[in-house]
Amino acid sequence: MRRYSWILILTGYSALAQTPMDDFFYQSGKIYVVVAILVIIFALLMFYLVRLDKKISQLEKERDEA
Amino acid sequence: MKKSWWKALAVVLIIYGIIGGFLMPAPDDIGILAKTIRNLYFHVPMWFTMIVLLIVSFVYGIKYLASGKPEQDSLASSFIKISMLFGAMGLATGSFWARFTWGTWWIEDAKLNGAAIGILIYLAYYILRNSIEDETKRGKFSAVYNLFAFPIFIVLIIIYPRMAETSLHPASGDTIGFSSLDLDNDLRKVFYLAGLGWILLGVWISTLHYRLTEIKRIDEEI
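Protein chains in written order, with the working numbering: chain A, 105 to 170; chain B, 100 to 321.
Isolated chain A, as found in the complex:
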């Protein structure tokens, strides 16, 4: 039961209850939802850029060792 509780949260929560998170994101014509989505997109792009940075660092390390 505990193992699958996250499914319950995902499927049931939004339909069943008005959570504190809902209270926040339903304010001001739901503009907070747009802001959150932009932040998610930007954060993921930056996550990718950090990975790229690390890969290039790895290549540089291999080059210096060779």
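Don't take each hint at face value.
To be verified - Result set (DSBU-like, lysine-lysine): computed pairs, CA atoms no more than 35 Å apart in a straight line:
1. B/Lys288 <-> A/Lys165
2. B/Lys236 <-> A/Lys158
3. B/Lys162 <-> A/Lys165
4. A/Lys165 <-> B/Lys239
5. B/Lys239 <-> A/Lys158
6. A/Lys165 <-> B/Lys102
7. B/Lys180 <-> A/Lys165
8. A/Lys165 <-> B/Lys236
9. B/Lys106 <-> A/Lys158
10. A/Lys158 <-> B/Lys168
11. A/Lys159 <-> B/Lys162
12. A/Lys159 <-> B/Lys239
13. A/Lys159 <-> B/Lys236
14. A/Lys134 <-> B/Lys134
15. A/Lys158 <-> B/Lys102
16. B/Lys168 <-> A/Lys165
17. A/Lys159 <-> B/Lys168
18. B/Lys288 <-> A/Lys134
19. A/Lys159 <-> B/Lys180
20. A/Lys159 <-> B/Lys102
21. A/Lys158 <-> B/Lys315
22. A/Lys158 <-> B/Lys288
23. B/Lys315 <-> A/Lys159
24. B/Lys106 <-> A/Lys134
25. B/Lys180 <-> A/Lys158
26. A/Lys158 <-> B/Lys162
27. B/Lys106 <-> A/Lys165
These are computed hints drawn from the structure, not numbers from a lab.
Since the structure of chain A is already known, use the hints to place chain B on it.
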């Protein structure tokens, strides 16, 4: 990833710019601009970033002419390449903004045409570069071209629009800049920090491009 605090700072500042740009108070009631005044936080930093990257490239161009070190030519070229990306984003965002304020995607205007010609000048830098096989010759030609292109670019994008008789673009010709609309300093609170964030991001991407081309270049030499 050593000494990369400034990369984290770039991310934090831009996220602040996104959140603050939507949610913090701004003069939302100025004529045709209405809420699009918030584009200031996104459109203008594209150009700032482009100009900063071009300054860095200009400096490395001169350094290359003095030293002949190929990695400095590589740096100059990488910074110009990423500056073109930011220039393209500046043009695209400006055009979209213009459509819904001035009512047109593009118009004969000193600021717009100056910026477009400025970008074309730097695109020619790549035509020149790619047409020369010899590494030393390519480096020297590129650096000298860069040396002349940068002052012309600054004239086209800043000085010429200021001197124009009329313009639709803020702070050009007969128009006022945003600083005179920002009576409560609301715009400045977001704009400066977000702008710094975008500049740092541009430098970050440029250095990534540079490091990758250096790995390739040294690989070819071996």
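Evaluation of the provided hints:
1. B/Lys288 <-> A/Lys165: violated, 41 Å
2. B/Lys236 <-> A/Lys158: With a Cα-Cα distance of about 33 Å, the restraint between B/Lys236 and A/Lys158 holds, given a limit of 35 Å.
3. B/Lys162 <-> A/Lys165: Holds: B/Lys162 and A/Lys165 sit about 26 Å apart, inside 35 Å.
4. A/Lys165 <-> B/Lys239: holds, 30 Å
5. B/Lys239 <-> A/Lys158: holds, 32 Å
6. A/Lys165 <-> B/Lys102: holds, 16 Å
7. B/Lys180 <-> A/Lys165: holds, 25 Å
8. A/Lys165 <-> B/Lys236: With Cα atoms ~30 Å apart, A/Lys165 and B/Lys236 stay inside 35 Å; holds.
9. B/Lys106 <-> A/Lys158: holds, 13 Å
10. A/Lys158 <-> B/Lys168: holds, 26 Å
11. A/Lys159 <-> B/Lys162: Between A/Lys159 and B/Lys162 the Cα gap is close to 29 Å, so the pair holds against 35 Å.
12. A/Lys159 <-> B/Lys239: holds, 31 Å
13. A/Lys159 <-> B/Lys236: holds, 32 Å
14. A/Lys134 <-> B/Lys134: holds, 16 Å
15. A/Lys158 <-> B/Lys102: holds, 13 Å
16. B/Lys168 <-> A/Lys165: Roughly 21 Å separates the two Cα atoms, so the pair holds.
17. A/Lys159 <-> B/Lys168: The hint holds at about 25 Å.
18. B/Lys288 <-> A/Lys134: Between B/Lys288 and A/Lys134 the Cα gap is close to 24 Å, so the pair holds against 35 Å.
19. A/Lys159 <-> B/Lys180: holds, 21 Å
20. A/Lys159 <-> B/Lys102: Given pair A/Lys159, B/Lys102 holds - Cα atoms ~16 Å apart, limit 35 Å.
21. A/Lys158 <-> B/Lys315: The given pair, whose Cα atoms are some 17 Å apart, holds under the 35 Å limit.
22. A/Lys158 <-> B/Lys288: holds, 33 Å
23. B/Lys315 <-> A/Lys159: holds, 14 Å
24. B/Lys106 <-> A/Lys134: holds, 31 Å
25. B/Lys180 <-> A/Lys158: holds, 21 Å
26. A/Lys158 <-> B/Lys162: Cα-Cα ~28 Å, so holds.
27. B/Lys106 <-> A/Lys165: Holds. B/Lys106 to A/Lys165 sits at ~20 Å (cutoff 35 Å).
The earlier numbered hint that this structure contradicts is number 1, and it is the only one.
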